[in-house]
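Since chain A is already given, all that's left is putting chain B on it; use the hints.
Protein chains in written order, with my numbering: chain A, 1 to 361; chain B, 1 to 361.
Since no wrong hints were added, every one of them can be taken at face value.
Taking lysine-lysine pairs in the DSS-like style, the calculated list, with each CA pair at most 27 Å apart, reads:
hint	chain 1	residue 1	chain 2	residue 2
1	B	Lys129	A	Lys36
2	A	Lys166	B	Lys32
3	B	Lys215	A	Lys298
4	B	Lys32	A	Lys129
If you're looking for bench data, these hints aren't it; they were derived computationally from the structure.
Predicted model, so just to flag it, every value in this text is computed and none were measured.
Number of protein chains: 2
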Amino acid sequence: MLYDFRSFINPGYYAFGKGTLSRLGQLIDRRKENGKGWTAYLIDIYFKDKNIEAKLPIIAGDLIIWIDPVLEPKTSLVDEYAAQIKAHNPQLPSVVVGMGGGTAMDYGKAVRLMVTNSGASHEYQGLDKIKNPGIYCICIPTISGTGAEVSMTTVLSGPEKKLGIKCDYTMPDEIIFDPELLDTVPDAQRFYTGMDCFIHNVESLEGTWITTMGKAFAEKSNEMCEDVFMNDSLSRIEADEKLMVASILGGNSITYAQVGVCHALSYGLAHVLGIHHGVGNCIVFNQLEKYYPEGYKKFKEMQIKAGVEIPEGICANVTDEQLNVMAAKALANEHMWDNAFGKEWRNHINADIIKDLYRKM
Amino acid sequence: MLYDFRSFINPGYYAFGKGTLSRLGQLIDRRKENGKGWTAYLIDIYFKDKNIEAKLPIIAGDLIIWIDPVLEPKTSLVDEYAAQIKAHNPQLPSVVVGMGGGTAMDYGKAVRLMVTNSGASHEYQGLDKIKNPGIYCICIPTISGTGAEVSMTTVLSGPEKKLGIKCDYTMPDEIIFDPELLDTVPDAQRFYTGMDCFIHNVESLEGTWITTMGKAFAEKSNEMCEDVFMNDSLSRIEADEKLMVASILGGNSITYAQVGVCHALSYGLAHVLGIHHGVGNCIVFNQLEKYYPEGYKKFKEMQIKAGVEIPEGICANVTDEQLNVMAAKALANEHMWDNAFGKEWRNHINADIIKDLYRKM
Numbered sequence: 001m002l003y004d005f006r007s008f009i010n011p012g013y014y015a016f017g018k019g020t021l022s023r024l025g026q027l028i029d030r031r032k033e034n035g036k037g038w039t040a041y042l043i044d045i046y047f048k049d050k051n052i053e054a055k056l057p058i059i060a061g062d063l064i065i066w067i068d069p070v071l072e073p074k075t076s077l078v079d080e081y082a083a084q085i086k087a088h089n090p091q092l093p094s095v096v097v098g099m100g101g102g103t104a105m106d107y108g109k110a111v112r113l114m115v116t117n118s119g120a121s122h123e124y125q126g127l128d129k130i131k132n133p134g135i136y137c138i139c140i141p142t143i144s145g146t147g148a149e150v151s152m153t154t155v156l157s158g159p160e161k162k163l164g165i166k167c168d169y170t171m172p173d174e175i176i177f178d179p180e181l182l183d184t185v186p187d188a189q190r191f192y193t194g195m196d197c198f199i200h201n202v203e204s205l206e207g208t209w210i211t212t213m214g215k216a217f218a219e220k221s222n223e224m225c226e227d228v229f230m231n232d233s234l235s236r237i238e239a240d241e242k243l244m245v246a247s248i249l250g251g252n253s254i255t256y257a258q259v260g261v262c263h264a265l266s267y268g269l270a271h272v273l274g275i276h277h278g279v280g281n282c283i284v285f286n287q288l289e290k291y292y293p294e295g296y297k298k299f300k301e302m303q304i305k306a307g308v309e310i311p312e313g314i315c316a317n318v319t320d321e322q323l324n325v326m327a328a329k330a331l332a333n334e335h336m337w338d339n340a341f342g343k344e345w346r347n348h349i350n351a352d353i354i355k356d357l358y359r360k361m
Numbered sequence: 001m002l003y004d005f006r007s008f009i010n011p012g013y014y015a016f017g018k019g020t021l022s023r024l025g026q027l028i029d030r031r032k033e034n035g036k037g038w039t040a041y042l043i044d045i046y047f048k049d050k051n052i053e054a055k056l057p058i059i060a061g062d063l064i065i066w067i068d069p070v071l072e073p074k075t076s077l078v079d080e081y082a083a084q085i086k087a088h089n090p091q092l093p094s095v096v097v098g099m100g101g102g103t104a105m106d107y108g109k110a111v112r113l114m115v116t117n118s119g120a121s122h123e124y125q126g127l128d129k130i131k132n133p134g135i136y137c138i139c140i141p142t143i144s145g146t147g148a149e150v151s152m153t154t155v156l157s158g159p160e161k162k163l164g165i166k167c168d169y170t171m172p173d174e175i176i177f178d179p180e181l182l183d184t185v186p187d188a189q190r191f192y193t194g195m196d197c198f199i200h201n202v203e204s205l206e207g208t209w210i211t212t213m214g215k216a217f218a219e220k221s222n223e224m225c226e227d228v229f230m231n232d233s234l235s236r237i238e239a240d241e242k243l244m245v246a247s248i249l250g251g252n253s254i255t256y257a258q259v260g261v262c263h264a265l266s267y268g269l270a271h272v273l274g275i276h277h278g279v280g281n282c283i284v285f286n287q288l289e290k291y292y293p294e295g296y297k298k299f300k301e302m303q304i305k306a307g308v309e310i311p312e313g314i315c316a317n318v319t320d321e322q323l324n325v326m327a328a329k330a331l332a333n334e335h336m337w338d339n340a341f342g343k344e345w346r347n348h349i350n351a352d353i354i355k356d357l358y359r360k361m
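Just chain A, same shape as in the assembly (with noise of 0.2 Å):
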């Protein structure tokens, strides 16, 4: 049951099969005033060897932030892409451009939205707090199962929390699809990734918040999902593209759901130890076959054929303050607990839990 009414905005366009990144020059073109503007290009920084520019539509003026992933998104950075595009020129940019994981398209998100709203991008973390509509932003994933290409939110690590910048002003104008990007991911990263869409699906169905629309969506997503993992008889491509179209799904099933027990407990791991989000909940959800038995099962044979490790140990050297602000920060997601358990998710869940939990990953 969701607590309060709400109608949810949906992805502006979407641009997808094969070769769809060579459309992009039209896209941006379509958003200039009079054919003038420019383009703030954030990508991430994996495709800065790789001579990205040649298959981009970059004409002079145009602007390239290359976005590490290794870290989540950061208030602190956001705040520091914005103020670096309002310098490169006054003029603000027609469209900004963000490609690459949840990482650099939730930069994309929350830059646009920087250089039209005064102020830091924490004071902006929660709901609705964003007053003025951004820059065009068109994503470009290039590994896929966040949904963050899809999301109404941009999750970002500020001083104080992580926290996303929620509102209909965060979605992305425009999506382009191409799943030939996906063609170089590396295995480890393209199933920790999978994962993530797997994962939220499973807290969406086996959640107390769950709806016709969100079962419809995380059903037919999870399907999508375990075909690109455990069916031999696809090509890379084919998978690649269903692996495209799961993550939508799965990204518009949160928006109709909520997420739960792995999501919650990824957040304190991501707080304390700088843990990315993808193989985050891959550690978490490896340790919670109470709580979703029937899932972890066929995460266990998706990670058989993938043949990838999940780390282990990593909490082997938390101290108890570490953990103890850890289960805090679990804890503190009681949307997700709600979801979860229900209402009365203290009854099922407290600190002691949680840290017994945290410390078998």
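Using the frame of chain A, we list chain B on its own:
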């Protein structure tokens, strides 16, 4: 395979869930400038003596136009309703509401364009002909399956042709999905409209234009459709909510794919005999076992379960001349034939085959 690249627009906002109609006032108010403005309602005439005004946030200055869905939307009536709105108040409305089935919603979608674009609506039949954005349009389906609520086309019968006004501006800005509104739909109507969804999914899935996106949406949509019409354990409200989601997914599927044999023939029936789209599709599909054997089998199972008759003998008194026109109208839908049979579709279908099919209906 799609002919041309296009970045497809999504519907603006989805307000989903039981009781959501009660939020319409809120949704209208946030589209008013400085709290001022009025609303034009285009509502299926079925609701005229059902005291629907008590459930709608109607205020002084609003206008209700009752839509008779017996005939499919006509360009002449679109122009008439647009003139009525402009005569009602020289200040254009803030919102146009289209409430009902595909017909009322398509009138809403078209009329909201014709108050901001000069000339007559038949001049805009075709792709991307509309010049100016329309009034903010909220669609409220009260019967589900057409997918009109999520489609960038409003299909209109003009003086010369039945052809959509198709462009980004046609897409509804917001949709209220309230399953309680489907409660009073008679069984036959519910079946015909539900089968519109089922049939366009079959055509999408069996067509040569299918994409991974179109396939995902159509498969899930038909799984839900079959559940709605075959699963006795669903309550009416559960089934209606599922049918609403199936309709969204089916409509989405067509965006990334194309309809086929049934829709092409149904256009001929509509043009010459004025047969409505939903029942027309059922009449046609009832003769398409050869082209869609699996879909046909499921269709017949659902029909028997629903206990609904499909009209027969409707072409018994059709003249040769009428039959020629019907076949010509059907054949003119080249994109549908291309989807159904591929580029060499003329080797598979011709006027004689089509006339033989019509004679059986």
